[in-house]
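Here the protein sequences come in this chain order: A and B. Numbering-wise (the working numbering), the first sequence opens with residue 1 and increments by one. Numbering-wise (the working numbering), the second sequence opens with residue 1001 and increments by one.
Calculated from the structure, these hints are not laboratory results. Treat the hints with care, since some could be wrong.
Claimed, not checked - Cut-off 20 Å, straight-line C-alpha distance, at most; resulting in silico cross-link-like pairs (EDC-like, lysine to aspartate or glutamate): (1) B:1079 x A:511; (2) B:1079 x A:515; (3) A:329 x B:1073; (4) B:1082 x A:511; (5) A:329 x B:1070; (6) B:1082 x A:522; (7) B:1086 x A:511; (8) B:1113 x A:518; (9) B:1113 x A:511; (10) B:1079 x A:522; (11) A:329 x B:1015; (12) B:1082 x A:518; (13) A:622 x A:459; (14) B:1113 x A:515; (15) A:329 x B:1021; (16) B:1086 x A:515; (17) B:1113 x A:508; (18) B:1086 x A:518; (19) A:336 x B:1015; (20) B:1082 x A:515.
What the hints assert, rightly or not - Some chain A residues near chain B, calculated using beta-carbon distances under 8 Å: (21) 306; (22) 512; (23) 523.
What the hints assert, rightly or not - Sample of chain B residues lacking proximity to chain A, with all beta carbon distances greater than 10 Å (derived): (24) 1038; (25) 1073; (26) 1122; (27) 1131; (28) 1139; (29) 1154; (30) 1160.
Where a beta carbon is used, it is the ideal one built from N, C-alpha and C, also for glycine.
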Amino acid sequence: MVKMTRIDSPSALEHYRRAIKEKRAKYVKTVSVCGGTGCQAHECGAVYEALRAALDENGLAKTVELRQTGCHGFCEMGPLMVIQPSGIFYKKVSPEDIENIVEASLKGNKVVEELVYEDPVSGEDIKKESQIPFYKKQKRLLMSMNGKIDPCNIEDYLAQDGYSALVKTLFEMEPTEVIDEVENAGLRGRGGAGVPTASKWKAARKAIARDGIKYVLCNADEGDPGAYMDRSLLEGNPHAVLEGMIIGAYAIGANEGYIYVRHEYPLAVDNLLVAIDQARELNLLGDDILGSGFSFDINVSIGGGAFVCGESTALMASIEGRIGEPRVKHIHTAEKGLYQRPTNLNNVETWANVSLIINQGAAKYKRVGTKNSTGTKIFSLVGAINNTGLVEVPMGITLREIIYDIGGGVPKGKKFKAVQTGGPSGGCLPESLLDTPVDFDRLYDVGSMMGSGGMIVMDEGTCMVDIARYFVDFLCDESCGKCVPCREGLKQMLYIIEDITEGRGTLEQLDLLKELAEVMRDTSLCGLGQTAANPVLSTLEYFENEYLEHIKMKKCRAGVCKSLITFNINPKKCTGCMRCRKACPVGAIKGKKKEAHIIVQEKCEKCGICFEVCEYKAVVRK
Amino acid sequence: MVNLIIDGQSVEAEEGWTILEAAKYYGIDIPALCYYEGLTPTSACRVCVVEIIRGGRSRLSASCSYPVQEGIEVRTNSKKVKRARKVIIELLLASCPNSRTLQCLASKYGVTKIRFRSEDRGCILCGLCVRMCEEQMQAGAIGFVYRGVGREVAMPFHTKHEACRECGACLYICPVCELPCRGPMQPGELCNACLDTVQLEAFPCKD
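Okay, chain A solo, but in the shape it has when bound (with noise of 0.2 Å):
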């Protein structure tokens, strides 16, 4: 490392870019090992390990930049690793591959052909990562960075031209200018609802504070379940969020700033102190930043873990020490906000825009997206799909293009049903809004929302009801439990869709669920419970069939709803093979060898086993 030292002018920041860069020259191949969590989790760090002993082994490690990056995205097939400047791209690597690597790739320029990625749909072998469909139909302005840079080494980005944005805002440009160039850009929170940036920047710029402080702060409390951008943001490229929110702050007047980050995000946390201390070190953050004379210090607030801690007024009280409730906010926390100074609150997707913004100006910014929704939006796309992962799309691409073309449909040759997005607030669509682009605003008309960018897709064995039932039920437990309508409203709402799914549901009780839902949507206190009946008002709009079939018929068509469904084995197809006997766990299947089984049905727990391991598809569950 070139040691750090304070800098205190633009000139000073260049010098030392340029000498970063010189420095870097000297390495003919670049390798990036992906070090995000879900990479973690397949042992990327033990791929990391044998690659840098190899290179010391070999004698390459003077010519080959070996690094660990964040989350490069295509999370299902990690641990992934990139080679540049040739961009070969292998994916499940593991530490027996290493050698193979070394030899082919590293020494010479051929390629491990049993590492590369092979196209599901068209079974091609696929090199480069650039030509993967996962990431061909993508625009990654943000998450591009993630698998270039090491997050603990702020020379990594200050060698992609990092903090260049920080730059120009401090020296060249005037507060109001930079709210105004957000402002042109049309960017609008990231969050989830949507609220355009500059009006909350206006809004606590023009706030008078009693004794001059003024806060920034950054929500990383991201709890919806299946998504995780905001992690991988954080993880991979937490610089991009400090210089976001430091041009934030400038903008405002603000001199303090905090990051909530939840604590079930270790790596984050730890990425994150790193970089602040580095920052620090080379005069980036703290007092007379580069020598413009602004200031400005960041901490870092670790969450206990609260869905509700997401929402605004609930944050702050948590930052402040009290129990993570939201208050009323008549009076907006522009004005009185954490500690009762006006405070600005963005997600952390939201500030790893700015520096984009005010790198490339908004008229560039504002080419990429729609009218009203501009930029891109990272999706955490999970559940019933070819490719799991982290994809950035630009605003305005449709559900299809992410389902198919990028996350390459359901797999196993399934039937695609749904999809939920917006986390518990936002709802379920059915195949026929496939069309929809995605964008803020025709994403609300059909009932759901962008949310903070979960996105869950949800094939034909997928009970809808079920669905509710679930969401429904999270929110019970995350709900803060303040308001009425939200505590008591929630735990009615669970108990009639219980009784739906356990066949004892009525079709008043399906009035009294859209009633219920209209009172939380107009008398809840904070945006959890004005928006929590929102997945079981989507699934019945779109999926009331499945209700009623749970209601009139007893019946659950993807068989998810154990009280309606019953299995019995087909003396005809069943050939005695005695699978099913061994497998079940309750010793409910009676029978001989070679002789037709019978389901006692007392005994029977409907687990599905008998009806997942009969090859003779024997079993039949109704």
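Using the hints, position chain B against chain A.
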């Protein structure tokens, strides 16, 4: 002074008043359970919701914390308010079926049936006792524990705490732990013995 309209009447209110306070001053009744003069309003029970029309947009909001604003129109008894209030009272009754306060509210606002599953929890979590103990008695011996549907009022670690002086202020202020409603009913049913709908028609509203 702030000028606003409450239930069709133009009224003047002092700066800093809440809508509930302004309504009370003019003799307009808005029910409230978690509100008590002298304690910080928390807007938790939502029984005091009113319809607020501001800039042509109507929304329901808790009147106990909403500050009066110039030019807004407030409807305390519109169709929208009545419907929401009835469901909220019903939800509260499902968690505290024999509370006299709730039974009387039900009668007054025309709730004649509980369509939800009743479970007597003996507490509506309005938090009056918590605020009374902390703000007026300066003791802070009780507080909320757990989250979501598991929320409870308790002393630290569920044991008797030395901060509690057994002053009884919490009992005094509690809207539900009093003598149960003695109307002619089975547990969990509504008494409706004092059903009085005259109140509802007193201030007709255009919906």
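So, going through the hints one by one against the coordinates:
1. B:1079 x A:511: holds, 18 Å
2. B:1079 x A:515: holds, 14 Å
3. A:329 x B:1073: holds, 19 Å
4. B:1082 x A:511: The hint holds at about 18 Å.
5. A:329 x B:1070: holds, 18 Å
6. B:1082 x A:522: holds, 12 Å
7. B:1086 x A:511: Between residue 1086 of chain B and residue 511 of chain A the Cα gap is close to 15 Å, so the pair holds against 20 Å.
8. B:1113 x A:518: holds, 19 Å
9. B:1113 x A:511: holds, 15 Å
10. B:1079 x A:522: Measuring from Cα to Cα gives roughly 13 Å; hence the hint holds.
11. A:329 x B:1015: holds, 18 Å
12. B:1082 x A:518: Roughly 13 Å separates the two Cα atoms, so the pair holds.
13. A:622 x A:459: holds, 19 Å
14. B:1113 x A:515: holds, 15 Å
15. A:329 x B:1021: Given pair residue 329 of chain A, residue 1021 of chain B holds - Cα atoms ~18 Å apart, limit 20 Å.
16. B:1086 x A:515: holds, 11 Å
17. B:1113 x A:508: At roughly 14 Å apart (the allowed maximum being 20 Å), residue 508 of chain A and residue 1113 of chain B satisfy the hint.
18. B:1086 x A:518: holds, 13 Å
19. A:336 x B:1015: Answer holds: residue 336 of chain A to residue 1015 of chain B is near 18 Å, not above 20 Å.
20. B:1082 x A:515: Since the Cα atoms of residue 1082 of chain B and residue 515 of chain A sit roughly 13 Å apart, the hinted pair holds (cutoff 20 Å).
21. 306: Since the shortest Cβ distance to chain B is 7 Å, the answer is holds.
22. 512: holds, 5 Å
23. 523: Check passed: Cβ of residue 523 of chain A comes within 5 Å of chain B, closer than 8 Å.
24. 1038: holds, 18 Å
25. 1073: holds, 16 Å
26. 1122: holds, 14 Å
27. 1131: holds, 13 Å
28. 1139: holds, 18 Å
29. 1154: Since the minimum Cβ distance to chain A is about 13 Å, residue 1154 of chain B lies beyond 10 Å and the statement holds.
30. 1160: Label holds. Min Cβ-Cβ 22 Å, cutoff 10 Å.
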